[in-house]
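Enquirer: Sequence:
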Amino acid sequence: MPRRSSEVLTEIRDQLCCINKTVRNLGDQLSRSIADTTTGANYQNRAVLADIEALRREIAEIRATPHAEPAPRASTSAAPDDDCRDHHDHHDYNDLLRRAAGTAYAELVCHRDTWAFLVEQASGGEHFHLPVDIETDDDGIVEVDISGRSLIAVIDALWRTRRTSTTPATSHLAAKIYNRIGDALGEVDRNAENGNAIRILIDDRRPRPRGGTGDTGGTGDAGDAGDKPCPSA
Numbered sequence: 001m002p003r004r005s006s007e008v009l010t011e012i013r014d015q016l017c018c019i020n021k022t023v024r025n026l027g028d029q030l031s032r033s034i035a036d037t038t039t040g041a042n043y044q045n046r047a048v049l050a051d052i053e054a055l056r057r058e059i060a061e062i063r064a065t066p067h068a069e070p071a072p073r074a075s076t077s078a079a080p081d082d083d084c085r086d087h088h089d090h091h092d093y094n095d096l097l098r099r100a101a102g103t104a105y106a107e108l109v110c111h112r113d114t115w116a117f118l119v120e121q122a123s124g125g126e127h128f129h130l131p132v133d134i135e136t137d138d139d140g141i142v143e144v145d146i147s148g149r150s151l152i153a154v155i156d157a158l159w160r161t162r163r164t165s166t167t168p169a170t171s172h173l174a175a176k177i178y179n180r181i182g183d184a185l186g187e188v189d190r191n192a193e194n195g196n197a198i199r200i201l202i203d204d205r206r207p208r209p210r211g212g213t214g215d216t217g218g219t220g221d222a223g224d225a226g227d228k229p230c231p232s233a
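Just so we're aligned, residue 1 is where the sequence shown starts under the working numbering, counting upward by one.
By construction, these hints were calculated from the structure, which means they are not laboratory data.
Since the structure is predicted, the reported quantities are computational estimates derived from the model, not experimental observations.
Hints are supplied without guarantee of correctness; some may be wrong.
Stated by the list, open to error - SDA-like, lysine to any residue: derived pairs with alpha carbons at most 20 Å apart:
| id | residue 1 | residue 2 |
| --- | --- | --- |
| 1 | 176 | 205 |
| 2 | 176 | 123 |
| 3 | 176 | 133 |
| 4 | 176 | 132 |
| 5 | 176 | 126 |
| 6 | 21 | 5 |
| 7 | 176 | 49 |
| 8 | 21 | 37 |
| 9 | 176 | 160 |
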């Protein structure tokens, strides 16, 4: 039996009411979600603004507070003292080069470690040639005949190391050897008169007879080599 139109209309109205109720519920949920999201964003924004304001206050306080100049940082590598830097003038550089240029050879006596230091410093020079005949005794003492040309390279290298090294130990070592060479070359005229070879002794101990002959050498003779006070380097 066919349904009456009134019943159909009633059923349609009921369905529309359910749909409207569902739509209202969804709208309410959406509104609550938007409100929660807005509230959270506002809270985060307020927290960020509070942090920025705190930083501004700290910066203002720092600017308003007078402060002393920072103390200079201590150097990690001590530079040579003034006495160490100035003492290279104990012997004139150009005068030593001139004297070395007029020297055929000089006898050099030092410890093998000192000789290794000399070779390291001078080996890059254009005038240095490594001697062939090098004698070393049981105590590690080296005796070598070094040419005047190689002596020029040694003087030049020591002079530069003396002036540029930032390590006090290296600067003092270079100065000690430089001044000993200067002492020896300063005796060139007297050695020429006596017929003695130039002998550079880098050893503060009492001189020993060389080869058992009683000739202790030195910067001119035995007394000059061992007893002459060493310039402080």
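Enquirer: So which of those numbered hints doesn't the model satisfy?
Expert: 3, 4, 5, 6, 7, 8
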